[in-house]
Structures are given as structure tokens and as C-alpha cells.
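S.K.: The chain contents come next:
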Amino acid sequence: MEPTSSLTVACVVLAFAVGIGVTVATWDRPRWAWGRRITAVAACQLLLSSAVLLEINHLYDFVPTWSYLVGASPSAGTRDQPGRLDQRLYALAAGLRRPGHGVVLPWIFAGGHSGIIREAEVYLPAAYFDPGERTTAFPVLELFSGVPGSPLSWTASLHLGRVLDREIATGRVAPLVAVVPAINGGEFSDTECVNVVHGEQDDTYLTTDLRTALVRDFRIRRDRRGWAMAGYSTGGYCALNLAFRHPALYTAAASLSGNFAPYLDATTGALFGSSVRLEHANDPLWEARLGSVPPVALYLATAADDVGTVEQLRSFLAELRSATPPTIVIVASGGHSTGVWRALEAPMLDWLSAQLGSPAAARAPLR
Amino acid sequence: MSPTGLGTLLIVVALTLGAGVVTVIGWRRPFLRTPRRALGLASVQVLLAVSVLVVVNRDSGFFPRWGDLIGNQPGLTTVRADVRRSTRELPRLLRTEHPPGGGLLLPWQLAVPGQTRTVRTLVYLPAAYFRNPIRIFPVVELLSTPPGGPEVWTRTLRLAQSVAAEIARHRVAPFVALLPAVDANGPLCGSGDVLLTTGVRLGLAAAFRVRTDARGWAVAGYAQAGACAATLALEHPDLFAAGASIAGVYGSSAALHGITHRHAPDDPFVALARRPAIDLLLAAARRDLSTYAQLRRLAAAARAPTTVDTFVLRSGGHGPPVWLAVEPLVLDWLSAEIGPPLAPPLVPAGNTGGASGT
Chain A
1 MEPTSSLTVA CVVLAFAVGI GVTVATWDRP RWAWGRRITA VAACQLLLSS
51 AVLLEINHLY DFVPTWSYLV GASPSAGTRD QPGRLDQRLY ALAAGLRRPG
101 HGVVLPWIFA GGHSGIIREA EVYLPAAYFD PGERTTAFPV LELFSGVPGS
151 PLSWTASLHL GRVLDREIAT GRVAPLVAVV PAINGGEFSD TECVNVVHGE
201 QDDTYLTTDL RTALVRDFRI RRDRRGWAMA GYSTGGYCAL NLAFRHPALY
251 TAAASLSGNF APYLDATTGA LFGSSVRLEH ANDPLWEARL GSVPPVALYL
301 ATAADDVGTV EQLRSFLAEL RSATPPTIVI VASGGHSTGV WRALEAPMLD
351 WLSAQLGSPA AARAPLR
Chain B
1 MSPTGLGTLL IVVALTLGAG VVTVIGWRRP FLRTPRRALG LASVQVLLAV
51 SVLVVVNRDS GFFPRWGDLI GNQPGLTTVR ADVRRSTREL PRLLRTEHPP
101 GGGLLLPWQL AVPGQTRTVR TLVYLPAAYF RNPIRIFPVV ELLSTPPGGP
151 EVWTRTLRLA QSVAAEIARH RVAPFVALLP AVDANGPLCG SGDVLLTTGV
201 RLGLAAAFRV RTDARGWAVA GYAQAGACAA TLALEHPDLF AAGASIAGVY
251 GSSAALHGIT HRHAPDDPFV ALARRPAIDL LLAAARRDLS TYAQLRRLAA
301 AARAPTTVDT FVLRSGGHGP PVWLAVEPLV LDWLSAEIGP PLAPPLVPAG
351 NTGGASGT
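Taken in sequence, the protein lines are chains A and B.
So the first sequence is numbered by my numbering: it starts at 1 and just counts up by one.
So the second sequence is numbered by my numbering: it starts at 1 and just counts up by one.
One should not assume that every hint holds.
Sample of chain B residues lacking proximity to chain A, with all beta carbon distances greater than 12 Å (derived) [unchecked claim]:
{"no.": "1", "residue": "W27"}
{"no.": "2", "residue": "G40"}
{"no.": "3", "residue": "V46"}
{"no.": "4", "residue": "L48"}
{"no.": "5", "residue": "V50"}
{"no.": "6", "residue": "T118"}
{"no.": "7", "residue": "L195"}
{"no.": "8", "residue": "A242"}
Which residues of chain A face chain B? A partial, calculated answer using Cβ under 8 Å [unchecked claim]:
{"no.": "9", "residue": "S5"}
{"no.": "10", "residue": "C44"}
{"no.": "11", "residue": "A360"}
{"no.": "12", "residue": "A361"}
To be clear, the hints were calculated from the coordinates, so they are not data collected in a lab.
Keep in mind the model is a prediction, meaning the values are calculated, not measured.
No residue lacks a Cβ here, since even glycine has one placed at the ideal position from N, Cα and C.
With the hints as constraints, model all of the structure from the sequences given.
M.R.: Here's what the structure looks like:
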């Protein structure tokens with residue numbers, strides 16, 4: 001009974017109903033009357049609140065497993081050796097895959113430089129398994145969820161596999177590999193995908209470490225023209241910021257309802273210590289002001305009534321001086337919610353695919 | 001009155017308090033006591049939870065409209081982008097060539113916007129162009145110089161056969177090739193040029209299903225035209241994804257000696273110093289001394305985000321045999337840069353952002 005299943009929600013709602021019944025039925029018992037009554041009412045309220053949170057989680061997959069709540073990182077012993085794709089898993093995936101459809105695989109990778117180990121999700125297109133494409137290296141799309149969120153926010157809530165299958169089948173997207181790493185360790189803390197001062201090196205984990213591990217385990221392109229990033233909400237900021245900080249690694253970035261500057265609050269803490277310089281180095285809005293925006297193709301989308309994001313987008317565009325103007329998509333309504341991201345998902349993927357180079361047959365490197 | 005409005009909050013809070021009051025007042029009444037108490041208690045708790053959700057929603061703005069709560073976004077139905085009108089393609093051709101390997105080579109008088117004259121070109125359409133009637137194709141612009149002109153590509157370099165072979169080997173995704181019969185040397189390769197950049201692009205897109213954005217175009221050439229291709233790519237990273245120079249050789253002494261203080265029309269070092277975000281491929285034979293020397297100087301002068309890949313042949317000198325030898329690799333590299341043909345992308349309805357810019 002996962003925290004995302006509707007069965008869990010139903011059980012808790014049932015428990016709430018039973019709790020109400022018990023509370024009312026035992027109300028007039030004399031012993032420890034008020035102590036018992038308050039405890040009973042509080043217990044019912046707790047059950048109801050849990051049911052509400054579980055239903056939200058069922059809709060949006062913020063917390064995919066119970067261990068996520070306590071921030072447990074997958075340890076090396078519980079799965080295959082981190083970072084090494086199990087050949088048997090590969091064969092199993094190939095067997096499970098329906099013809100013409102890609103497959104979504106759970107994947108673990110350990111960051112060589114950052115030392116972080118987290119779970120991720122990887123989408124392999126149908127073409128990956130074609131006999132004629134055995135040496136083809138596919139372009140890569142790196143996707144980030146928001147906070148709270150998890151890789152399942154893309155693969156389950158946003159049905160990434162199904163959407164990519166459809167876009168590839170209709171020819172709007174060329175076959176690509178999509179990877180959805182976890183942007184934080186599973187707690188509700190939010191590191192905004194940066195290298196935290198005296199903390200987790202998430203920037204390194206999500207860029208250079210991820211590329212090294214993915215190249216080792218899958219047939220993918222290694223060069224800039226074969227990689228792009230995207231995300232929604234905080235994940236949109238992550239995509240923008242990380243692409244700006246590593247323009248030699250990514251050719252394009254897409255942000256759905258993402259912020260343009262790091263958002264520091266109680267859940268993030270002082271990510272940059274007291275260093276204003278570091279904060280500015282992770283601030284796309286600041287870089288726009290300085291005129292030092294790197295040559296990454298941009299897709300910036302939001303709903304018109306997501307007031308906070310629209311304000312930031314306006315500021316960013318006002319400061320931006322770039323040879324290639326970004327692609328802006330503003331839809332009429334939806335606020336800051338999964339409904340917006342579901343509607344923008346396919347158009348965004350279509351745009352990203354057009355920025356990437358072709359799947360490239362492996363050939364001897366030039367030099 | 002929206003979900004985030006003050007009115008909604010006041011109503012929900014009032015309902016909660018009201019339910020609480022009613023439940024408490026009627027607590028001791030005997031009539032149907034247990035069901036009434038259960039209902040009252042449950043209602044108060046549920047309304048309390050709803051009040052909390054309303055407050056959170058006001059603060060965060062997650063669901064500004066009632067329709068958002070039930071997943072109904074009236075402005076977000078996706079519509080297909082218009083397929084280009086030019087699917088009326090190939091009107092009344094005077095003379096076409098069907099090269100081995102499939103596809104079509106057309107002589108095409110390209111109309112350049114804003115000019116009365118037309119430009120003689122050859123257009124290569126791969127077989128896939130006709131198999132996929134809605135896909136939009138990336139373009140490789142292939143430059144040449146007199147006396148051979150574009151026919152050097154199509155006859156000496158057997159372009160259509162090479163492209164078809166690479167497509168069959170899954171090393172190249174189909175693309176359209178544009179071969180303008182324009183002398184790609186000298187002033188045309190300076191930064192003031194428009195014909196070989198925007199001029200032919202708009203003319204081609206008006207007649208064929210091709211992309212117009214930078215990520216869907218590359219430019220290439222051999223010898224002097226190769227040098228021109230490299231210069232155009234360096235000068236226009238906003239128009240090209242990549243440039244390839246096959247045995248490219250610069251005529252001006254400035255380029256030969258890497259002197260950068262004089263801006264000769266075809267001096268690539270000036271453009272390189274601006275650090276354009278573009279990928280270049282330079283190919284030459286090691287024994288073609290002056291060409292090889294220029295290649296090395298160019299590659300050494302490149303700084304991020306400019307990237308320069310080089311391919312150096314151990315044997316061969318200057319001339320068509322070398323160009324033929326590197327051609328498949330150059331085609332592979334170009335295709336990896338510009339991507340495959342794609343169906344028109346989806347766009348969300350109600351998009352008020354525009355295709356680009358604000």
C-alpha cells in the first residue's frame with residue numbers, strides 16, 4: 001500500500017469514519033470524559049488531514065514511497081550495484097515492452113564527484129531496441145520535477161512515457177532517451193539543485209555525474225548538441241540555472257512555471273552561506289542584467305494567472321539581450337498546477353526535440 | 001468569486017464556525033443523537049480541513065480558478081500547427097533529375113524576397129521528403145565556386161548517392177540540400193552578406209517544407225567555398241547550427257597568416273574572437289600543407305562556446321579525391337547537428353506568448 005495509491009486513501013477515510021462513529025458512541029461514558037473526548041476528536045482530525053494529504057499525493061506523486069518521507073537514500077545493498085545497469089533488467093525491459101512503445105525503467109546512479117546516490121527514472125524509446133539501431137547513440141532529455149516531487153512526478157503524474165511514445169509515433173519528436181533524476185534526497189528540504197555550501201553538491205550530481213553514469217549505462221550522445229534540460233516549478237529553475245552554468249553541456253533548456261532566481265526560504269536554508277557572489281552565480285535573472293546569458297536555447301512557459309511566475313518572466317525578458325530570443329508560451333489559465341504542465345508537456349517536448357541533434361550512429365571519434 | 005478570493009475564504013470560515021455552533025448547541029438533544037453528533041462532528045472537521053486548504057491556496061495561488069480544481073483548462077486544448085502551404089510543392093518542373101538512391105535533384109530558380117532577380121539553385125530532396133508529406137526537413141546549404149558551381153557537389157562528389165548511402169546505414173537522417181549557384185568567395189562571406197543567409201532561406205521556405213530556424217540549418221563547402229562556409233557559420237550563429245569546411249582554404253593573406261587586426265571580408269579570426277556559439281567541422285589532408293596549416297590555426301584560435309572538430313586525412317593532397325574521402329563523415333556530422341525531419345509541433349491553444357520574443 002504505497003502512499004500514492006487510492007487504496008491507501010480509502011483505508012484512511014474509512015478509518016476516519018470509524019473514528020467519528022467511535023467518538024460519538026463513547027461520548028457519554030463517564031471515565032476520563034474530557035481527556036478521552038479530546039483525544040478522540042484530535043485523532044479523527046489527524047486521520048482526516050492524512051486522508052487529504054494522501055489524496056493530494058495520489059494526484060501528484062510527491063512522495064512515491066514511505067521511505068521517501070524519512071529521506072532514506074537507497075543503499076547499495078538493496079538493489080543492483082548503483083550506477084551499473086543490470087543486464088537482466090535490460091532484457092526484462094525489452095521483453096515487457098510493447099511493440100512500438102518505449103519503456104520506463106527505474107535506475108540508480110551514484111555520483112562519482114558528489115558522492116550522492118539516488119533513484120531515477122529512465123525512458124528508452126522503442127527505437128532503442130531496434131536491431132538496426134544497435135550502435136545508435138540517442139540524444140538525451142534531462143527532466144526535473146518540482147518541490148515537493150520525485151521522478152515519479154514526471155513518469156506517473158505527467159505520464160511521460162505515454163506522451164513521449166505518442167509524440168515519437170506521430171513524428172513530432174525524434175527518438176530520444178529521457179532521464180528524470182531526483183533533485184533532492186527525498187525529504188521535503190529543497191536544495192534548488194545547487195552545490196550547497198557545506199552541503200550536498202546537487203549541481204555536480206545532476207550535471208557531470210549524471211552524464212558520466214548515463215553514458216556508461218546507455219547508448220547516448222555525449223556532446224552538447226545531444227543534451228537538453230527541462231523542468232516545472234522549482235525544476236524549471238533548476239533546468240534554467242544548470243543549463244546557464246554548464247552551457248558546454250546543454251544546448252537547450254525549458255522551464256514550465258519556473259522561477260528565474262533561487263528561492264530561499266525555510267525549506268532551503270542558507271544554500272549559499274553568506275556568499276552573495278555564489279548566489280548571483282546561480283541567478284539567471286542576475287545574469288540577464290549583466291548581459292552574460294550563455295547561448296542556450298530557451299523555452300519559457302507559464303499560465304497567465306500564475307502571477308508570481310509571470311512577474312519574474314517579465315523581469316527576465318526586460319533584462320535579456322540575446323541574439324536569439326527565447327520561445328515564450330503563455331496560456332490563459334491554470335495557475336501553478338499540474339494541469340498547466342500536463343497541457344504544456346507535449347508542446348514543450350516537441351520544441352526540445354527540434355533543438356537536439358539526430359540520433360547519431362556510433363562512429364570513430366574525430367581528431 | 002474565485003477559489004483564491006477573500007469571499008471564498010470568509011464563506012468557508014463562516015460555514016465552519018456555523019457548523020461548529022450548530023453541532024455544539026444540538027449536542028445534548030436526544031432526537032437521533034448519535035447520527036446527528038456523528039454528522040456534526042464530521043462536518044466541522046471536514047470544513048476545518050477545507051478552510052486550511054483555502055488558506056494554503058490563497059497563499060500559493062495553485063488553483064486560481066474553479067475549473068482548475070477539476071482539471072478543466074479551457075484555454076489549453078492543443079491544436080496542430082498549420083502544415084506549411086507549400087505542400088503544393090513541385091509545380092510544373094521543367095527538368096528534374098532522379099539520382100540513383102532515390103530522391104530528386106531540381107534546378108530551382110529561387111525567389112529572393114526584396115529582390116527582383118531570382119537565384120539559380122539546385123535543390124536536393126531526399127526520398128523521405130515524398131514518403132512523409134507533413135514532415136518539415138532540416139537544410140544543409142552547400143556552397144560552391146565557379147567554374148564548377150553546384151554541379152561539383154552533385155556530379156564530382158555524387159551528393160545524392162552519398163546521402164542515400166548514409167541514410168541507409170542509419171548514420172544520417174534525411175535532410176534537404178540547397179546548392180546556390182553563387183560564387184561563395186570574397187565579399188559574400190563577410191558579415192554584410194544576406195543572400196547566402198537569410199535571402200535563400202526565406203526563398204526556399206516559401207516553396208518547400210523546410211525549417212527556418214538556426215537549429216535546422218547548417219552550411220558547408222569545399223576549398224574556397226569551405227572557407228566561406230566556416231566564416232558564415234562563425235558570423236551567424238543565430239542562423240546556423242553548424243558549419244563544415246572541406247579542405248577550406250582562405251584566399252586573403254590575413255587569414256593565411258592569422259593576422260586579426262585587418263578585417264578582410266573573409267577573415268574568420270575576427271569572427272572567432274567574438275566566441276560565437278556554433279559548432280565547426282574542419283577537414284583536410286595532412287599533406288595539403290597550407291590548408292592543413294590554416295586548419296590548425298583556426299582550431300587553436302577557437303574558444304568556448306565555439307567548438308571545432310577536425311578530421312585530418314593521412315593520405316591525399318588537395319582536390320576532389322580528398323573531398324570525396326571525407327564526404328560521408330562530413331554528412332554524418334552535419335546530420336548529427338541539425339536533427340531529423342519532424343512533424344509540425346503541437347502548440348497550446350490560447351497561447352498569447354507568440355513564437356519567440358515577447
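S.K.: Hint by hint, say whether it matches the structure.
M.R.: Cross-check of the supplied hints:
1. W27: With a cut-off of 12 Å, B/W27 comes too close to chain A, as the shortest Cβ separation is near 8 Å.
2. G40: B/G40 is in fact no farther than 12 Å from some Cβ atom of chain A, at 9 Å.
3. V46: At roughly 7 Å from the nearest Cβ of chain A, B/V46 sits no farther out than 12 Å, so the non-interface label is violated.
4. L48: Check fails; 7 Å does not lie beyond 12 Å.
5. V50: violated, 9 Å
6. T118: Consistent with the label, B/T118 stays out of reach of chain A, its closest Cβ about 29 Å off (over 12 Å).
7. L195: holds, 20 Å
8. A242: violated, 8 Å
9. S5: At 20 Å from the nearest chain B Cβ, A/S5 fails the 8 Å test, so the hint is violated.
10. C44: It holds, given that the least Cβ distance between A/C44 and chain B is near 6 Å, below 8 Å.
11. A360: holds, 4 Å
12. A361: holds, 4 Å
In summary, the numbered hints that this structure violates are 1, 2, 3, 4, 5, 8, 9.
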